[in-house]
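Undergrad: Here are the chains, one letter per residue:
Number of protein chains: 4
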Amino acid sequence: MTTVTVWNEYRHERETDVVASVYPDGIHTVIADELADHGFETRTATLDEPEHGLSETVLEETDVLTWWGHDAHEEVSDAVVERVHERVLEGMGLIVLHSGHYSKIFRRLLGTSCSLKWREAAETERLWVVEPSHPIAEGLPEYVELSEAEMYGERFDVPPPETLVFLSWFEGGELFRSGCCYTRGRGRIFYFRPGHETYPIYHQETVQQILANAVAWAAPGDGPVSTFGNSDPIEPIDTTDDRTVH
Amino acid sequence: MTTVTVWNEYRHERETDVVASVYPDGIHTVIADELADHGFETRTATLDEPEHGLSETVLEETDVLTWWGHDAHEEVSDAVVERVHERVLEGMGLIVLHSGHYSKIFRRLLGTSCSLKWREAAETERLWVVEPSHPIAEGLPEYVELSEAEMYGERFDVPPPETLVFLSWFEGGELFRSGCCYTRGRGRIFYFRPGHETYPIYHQETVQQILANAVAWAAPGDGPVSTFGNSDPIEPIDTTDDRTVH
Amino acid sequence: MTTVTVWNEYRHERETDVVASVYPDGIHTVIADELADHGFETRTATLDEPEHGLSETVLEETDVLTWWGHDAHEEVSDAVVERVHERVLEGMGLIVLHSGHYSKIFRRLLGTSCSLKWREAAETERLWVVEPSHPIAEGLPEYVELSEAEMYGERFDVPPPETLVFLSWFEGGELFRSGCCYTRGRGRIFYFRPGHETYPIYHQETVQQILANAVAWAAPGDGPVSTFGNSDPIEPIDTTDDRTVH
Amino acid sequence: MTTVTVWNEYRHERETDVVASVYPDGIHTVIADELADHGFETRTATLDEPEHGLSETVLEETDVLTWWGHDAHEEVSDAVVERVHERVLEGMGLIVLHSGHYSKIFRRLLGTSCSLKWREAAETERLWVVEPSHPIAEGLPEYVELSEAEMYGERFDVPPPETLVFLSWFEGGELFRSGCCYTRGRGRIFYFRPGHETYPIYHQETVQQILANAVAWAAPGDGPVSTFGNSDPIEPIDTTDDRTVH
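Chains as they are written, first to last, in UniProt numbering: chain L, 1 to 246; chain X, 1 to 246; chain V, 1 to 246; chain Y, 1 to 246.
Simulated from the structure, these hints should not be mistaken for lab results.
Treat the numbers as computed from the prediction; the structure is a model and nothing was measured.
Incorrect hints may have been included.
Copies of the same chain look alike in the list, so a pair counts if it works inside one copy or between any two.
[Claimed, not checked] Think about it this way: if two alpha-carbon atoms lie no more than 25 Å apart in a straight line, the pair counts; the simulated SDA-like pairs of lysine to any residue are:
no., residue 1, residue 2
1, Lys104, Val245
2, Lys104, Thr244
3, Lys104, Ser231
4, Lys104, Glu90
5, Lys104, Asn230
6, Lys104, Gly229
7, Lys104, Thr227
8, Lys104, Arg11
9, Lys104, Thr29
So here's chain L without its partners, still in its complex pose (with noise of 0.2 Å):
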């Protein structure tokens, strides 16, 4: 069985009445109860638990690791997020959702600014689907509509998505690429743009769809274990050269 660690920064809920009023128990306890109801084993882990409820652990029994931050990237120590890095490149899921684009360990793992365009403005956003054989796109319509919705706008500086299930259209006249997969090391990386904190995005029935997909898509395999360093040829050849410096 698939256990997901939902990882949450846990502030705005506690601040901020409108953001209380959607999510009172914290938007990690709605996606962890979801993703429970679709079948995988479930935890949660905030910001302000020792180690960002992170610990080694809890990281190596983790095969999925979801994602939400926004005010307070730079609170995430170092050292955990090393750890984060680490277990991806091992081979643990990691579903980036939102404003996590900005946190330490999405920046790091591709490598760019992570950049975008952003309005809150309660608007439409249609997110339609462009690669319809993708696991992650199993049961869903064409599009899903999000009738109230933060902007995020292109150009979004990531590299290019390994593949590109999602795009986004919004009522303000910009568009997003809201759903790309990566590859870093055995890890596999999902992010996915809806579910800001004061709108009920994580409420809506096709959105828990699509975390369930993800999280079944990011699920370590178990393919070869690459070896690294120094390596005796397989064939045989002279290795009688001496001109090595090391």
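Following the hints, put chains X, V and Y in place on chain L, whose structure we already have.
TA: Structure of chains X, V and Y alone, referenced to chain L:
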């Protein structure tokens, strides 16, 4: 005219006779001379210069940076890595050579360990062109033979190349993705495998052609400079919603 | 110098007043004149010429072919499609424009239906650059606005573009992958969405810049010509096995 | 349960003793038995059956089709190729094996010549996994050794694979992109190089594992079925413009 800065760790050549005999004035001097012969404006920079020779002014004037390092990756200061990283995102091209796969800047841009298998046995490498229409393959034969090379073998822990131009066959039984193109921000990156310090690879004319092609390909253009951050709507929309939380 | 052949179905302009008022001498004439102004050697060819104007000689002399068709795709002879296909695999660039998505040659090169959604309502299209470092984005602003356009909407049934340069936003709620790069054989292919016959899209200067950029990008280089078929071993191996069945 | 149809030209086995000694009941029988052992529902179809065994009913009931052909590609009727093509675009998976690279259906789906270099000398092939997190690499070691193989060498004239899973090293000095994933319409396509008729490749357990992995990966999902053609606007727009020309 494209301005190239050729960066070299420049330690082996000063410390080891066998390397000095191949590159008496340093790898950087050979590469810079070749690129000048191909019509580029060149300068060099090395690890032991102040700021590793990569001051803000130098980088601002650099269109394409080539990078050769091996033994002292950790001595490159984080501040300079940060500066180079920012310049790549702004559009500076970067050509990473051979053992530069483990450089801080390459790992930071790619987000992976950049690990690989290796062996120094002066064995045959055959560099096959798999994407003959790519600008970096201009003027090349179907394959280039390097009679004495260090082996680098898969798994090469990098993200899937956006374009894979070269594949290497090695006598000892391994193969390698030897010419890999990436985009990060507005910058183009090319990783080129051949080039060990104890073999005269960069004296070989076809290799020089490849380096010149790579520089031409990686040179920045004048595409749009993206604007990021809060954006007014382009289309008329209702902006009176008051739920905004920053 | 790059030689461009501008192909046009050239029926609507002769049969329909509203089209004739926008392109009195045909879409091909406007595009060819623009490309000549950008420094290319140009000629034109149209459906009702012998061999559709695409004789073996013409194609041999063509570096880049641009293709606009709409109503008479099925009238293009299979022999000419075969000839164009072979020239693309040999290295000729191909720029497919707007309703050319349904042309025989485009579907043949891509292997899919190339279907899409469409609507003619003279609505706003906003063409966003998502890959600003690509040569086809040279000299462009962040987005190009087309005040009156035919809508093309996703799902666009094409293989995932190797590089996605443009995305279009439409007033009516759809979006589209509007600038798509592909490689087939040694040939480069660019699909560019804008350009309906009843709207003066190709009279717009920024669109002309994009077409010129695309032609420059698609022009053939002189990378290696691949050899195929039975090959002698390069390394010494035992070739006495007699199980061969051809 | 995933239903697989294993298609085979089935001529060499009936006409040539050396092939009959390796595959007495045909390559298709061996592959179908293996896939059944891996839990798939299987049937077989061969060239000399009516409609090559690929009636509309058979294809409708097929989730994944595997294709082995060599000597009689041109005897496959265009009508059946068209039918298979349409089913792939609808979502049927397709696994193309070895000399199937020259089949009508593969060339049609890819749009290129699919040419390559080849040699039959029972030489060593070493199949390296370059994308260990891909589902087709499940349960594999870092490389698979095939002691007697036909050589296929680059340039392999195919579009750049969307995912490159395997690379082959050959004793005689060549290499090859041996495991290539593509998407066409809603269908997933995997090309797998190993498998010559005179060597017992498909009797090898690791190869069987790869085929089973590929079938599982290529099986259709239930993503959205795209609608195409004329579309009403989703957002309210002015639709009174009368310039429409169909």
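Undergrad: None of the hints should be skipped; say for each whether it holds.
TA: Hints, one by one, checked against the model:
1. Lys104 / Val245: between (37 Å within a copy, 21 Å between copies)
2. Lys104 / Thr244: Answer is between; shortest inter-copy Cα gap is 24 Å, intra-copy 39 Å.
3. Lys104 / Ser231: So Lys104 and Ser231 pass the 25 Å test across copies only (23 Å; inside, 34 Å).
4. Lys104 / Glu90: Answer is both; intra-copy 18 Å and inter-copy 20 Å each pass.
5. Lys104 / Asn230: Between. Shortest inter-copy distance 21 Å satisfies the 25 Å Cα cut-off; intra-copy 32 Å does not.
6. Lys104 / Gly229: between (29 Å within a copy, 18 Å between copies)
7. Lys104 / Thr227: between (28 Å within a copy, 21 Å between copies)
8. Lys104 / Arg11: Within one copy only: 17 Å inside, 34 Å across.
9. Lys104 / Thr29: within (23 Å within a copy, 38 Å between copies)
Going down the numbered hints, you'll see the structure goes against none, and every one checks out.
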